[in-house]
Amino acid sequence: MSRVATRSAFATFRDQYAELMRSAFLIDLQYRASIAIWLLWGITEPIISLGIWWSIAAGGAVDGYTREDFARYFFGVALVNQATLSWDAWNIDRWIREGEMNFRLTRPIAPIHEAIADNIAYKAPTAVIILTAWIGAATFWPAVRIPFEPGRWALAIIAIVLAAAIRFLNGYATGLLAFWTTRATALVELQFGLSLFLSGRIAPLSLLPPQVVRAAEYLWFPYVLSFPVEVLTGTVTTGGQYARGFGGQAIWLAIWLLLYLLVWTRGRRRYGAVGG
Amino acid sequence: MTGIRRAMIVLRAFWQLNWLEELQYRGNFIASLLGTVFWLLMAMLTVALYFRHTPRLGGWEYWDVVVLLGIFNALAGVVETVLRPGIGHLPTDVRSGALDLVLVRPVDAQFYVSFRRLDVWRLADVVLGLALSGYAFAQSGRTVSAWALIAFAVTFAVAIAVVYAIWVTLMSLAFWFVAVENMSALFDAVFEAARYPVSAYPGALRFLFVYLIPIAWTTTIPASALTGRLNPSLALWAMGVGIVALGASRLLWRVALKRYTSAGG
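Just so you know, the sequences run in chain order A and B.
Numbering-wise (this note's numbering), the first sequence opens with residue 12 and increments by one.
Numbering-wise (this note's numbering), the second sequence opens with residue 135 and increments by one.
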């Protein structure tokens with residue numbers, strides 16, 4: 012019996028993934044300078060927010076947040092945001108508008124796997140770069156040191172991976188609306204704008220008006236950024252907080268996965284290729 | 135001055151064509167307007183959030199910061215209307231060799247590249263931004279003086295010059311780093327910092343924004359002119375910064391252009 016025949020479907024799938032990730036990584040390597048610029052672009056927003064809060068907190072703690080707390084929080088935001096960024100809607104928009112979706116549909120593997128591989132190949136190395144910069148900063152700036160608690164760090168990694176999955180599916184499913192409308196990316200931008208507040212990009216959630224925070228907790232926004240950051244920095248402490256956070260992540264992961272499947276199966280049927 | 139007159143004629147022809155083209159996409163106007171209003175709202179909510187926790191931001195009261203925010207939006211509108219569709223395309227032109235077609239034309243290349251295209255709908259951002267500044271100014275309860283208006287007009291022109299110079303500088307780098315396609319993302323990132331008065335930042339960032347990446351001169355100074363924070367000597371300094379920035383960027387452009395060897399072929 013030949014080796015090929017005994018290969019499980021899983022092994023084939025795994026090899027396809029490895030190949031997709033390898034090629035995505037090699038392409039990224041060609042664009043090192045561009046990636047450096049995107050990295051810089053990603054960290055300026057938290058740096059600006061930190062700068063403003065740092066000045067505001069000059070006179071003392073702001074609702075319990077000292078300058079050092081803000082520093083740790085926004086370093087966490089920079090890291091988690093890099094690991095959970097979502098840009099796929101713009102790719103899908105182009106694929107559908109310019110007909111690049113066509114050859115992707117003929118492949119034996121759904122286009123979402125190419126996007127996932129692409130995301131992993133980009134985010135893993137760049138998140139490590141930010142982490143290295145953080146460790147570097149922590150050696151001479153005690154404010155950004157976080158306590159040595161390997162158990163907590165492990166939980167933070169799980170929370171970050173779940174957050175990345177939710178945000179990815181959220182962006183991808185919204186992007187697939189491009190099957191119906193030419194303004195799918197505008198919907199992504201709308202969510203991006205709301206996430207300034209509801210995800211805690213501009214400030215820790217506890218500094219927002221309580222009604223806003225309560226509303227946010229019914230949506231996915233806090234679970235894709237604020238929660239992983241607060242696990243990392245040590246703001247999340249009680250079992251109840253952990254349960255609510257991971258529970259929210261599990262629910263929203265399931266919801267966005269279902270929404271993706273729905274939009275993908277419906278949209279594909281609706282698709283009429285461009286060109287040719 | 136036939137050179138300038140010829141340039142103006144060329145420019146008029148471009149913009150007319152451009153206008154006719156854009157008229158076909160009136161739906162874009164509504165979409166872009168909605169987008170601008172949405173982001174203005176988000177920006178104002180952000181400022182409101184800061185002011186929930188502090189009475190002043192770098193010594194500026196709430197409505198004064200909103201005046202500044204309006205100016206920021208107006209300048210961002212200038213970027214979207216003229217710079218991004220014009221000189222923002224330079225890296226692509228350099229990579230593809232399309233710059234050849236620019237260089238053979240009988241007009242100054244920098245002039246042509248900079249002003250070849252207008253995203254006219256984004257002019258609404260400029261109007262909305264200035265309207266917001268006007269509204270916030272009225273709310274702040276200040277009275278307007280002729281000196282403040284003149285100083286604002288001058289420093290706002292300086293701000294446009296500085297922003298333009300930053301774009302020329304960044305885009306000229308495309309001649310060295312051909313593979314870098316997202317140079318404008320660098321501007322977008324750093325310009326975000328100009329949403330707030332430069333005095334609201336800690337010392338290190340303030341130094342960076344005043345001297346190294348001169349965005350402090352783009353929003354803080356015109357807003358200072360309107361809110362009575364600008365003394366005449368600072369206004370003169372601002373004019374100096376504008377002239378130096380324009381001159382330096384022109385110089386860099388010329389050095390950069392010498393490196394251009396076309397593509398393909």
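Careful, some of the hints might be misleading.
Said to hold, decoys possible - Label-pair restraints from in silico Cβ distances:
| # | chain 1 | residue 1 | chain 2 | residue 2 | range |
| --- | --- | --- | --- | --- | --- |
| 1 | B | N316 | A | T276 | 52 to 62 Å |
| 2 | A | A149 | B | I377 | 36 to 46 Å |
| 3 | A | P221 | B | I377 | 50 to 60 Å |
| 4 | A | A149 | B | A291 | 27 to 37 Å |
| 5 | A | P221 | B | M373 | 18 to 28 Å |
| 6 | B | L154 | A | G283 | 55 to 65 Å |
| 7 | A | S217 | B | N316 | 49 to 59 Å |
| 8 | B | E156 | A | R108 | 14 to 24 Å |
| 9 | B | L237 | A | T276 | 30 to 40 Å |
| 10 | B | Y269 | A | P221 | 41 to 51 Å |
| 11 | B | E155 | A | G110 | 39 to 49 Å |
| 12 | A | Y282 | B | V344 | 49 to 59 Å |
| 13 | A | D39 | B | Y345 | 58 to 68 Å |
| 14 | B | F163 | A | R281 | 40 to 50 Å |
Quick caveat, the hints were computed from the structure, so don't treat them as lab data.
Glycine included, C-beta positions come from ideal geometry on N, C-alpha and C.
Assuming the hint says 30 to 40 Å, is it satisfied by the Cβ distance from L237/B to T276/A or not? The hint (30 to 40 Å, Cβ to Cβ) is violated, given that L237/B and T276/A are roughly 52 Å apart.
Between the beta carbons of Y282/A and V344/B, is the distance compatible with 49 to 59 Å? At roughly 52 Å between Cβ atoms, V344/B and Y282/A fall inside 49 to 59 Å, so the hint holds.
Is it true that the C-beta distance of E155/B to G110/A lies inside 39 to 49 Å, as the hint says? 23 Å Cβ-Cβ, so the 39 to 49 Å window is violated.
Between the beta carbons of A149/A and A291/B, is the distance compatible with 27 to 37 Å? The hinted range 27 to 37 Å is violated for A149/A and A291/B, with Cβ atoms some 45 Å apart.
Does 40 to 50 Å hold as the CB distance between F163/B and R281/A, or does it fail? This hint is violated: roughly 28 Å between Cβ atoms.
Against the range 50 to 60 Å, how does the distance between the Cβ atoms of P221/A and I377/B compare: consistent or not? Since P221/A and I377/B have Cβ atoms about 51 Å apart, the given range 50 to 60 Å holds.
Given the hint of 41 to 51 Å, is the C-beta distance from Y269/B to P221/A inside that range or not? violated (29 Å)
Quick check on a hinted range of 36 to 46 Å for A149/A and I377/B, using CB atoms only. The hint (36 to 46 Å, Cβ to Cβ) holds, given that A149/A and I377/B are roughly 43 Å apart.
So does L154/B sit 55 to 65 Å from G283/A, Cβ to Cβ? violated (30 Å)
14 to 24 Å as the expected CB spacing between R108/A and E156/B, which holds or is violated: holds (19 Å)
Do S217/A and N316/B keep their Cβ atoms within the hinted range of 49 to 59 Å? violated (35 Å)
58 to 68 Å was suggested as the range; check whether the CB atoms of D39/A and Y345/B agree with it. Check failed, 34 Å falls outside 58 to 68 Å.
Consistency with the previously given hints fails for numbers 1, 4, 5, 6, 7, 9, 10, 11, 13 and 14, ordered from lowest to highest.
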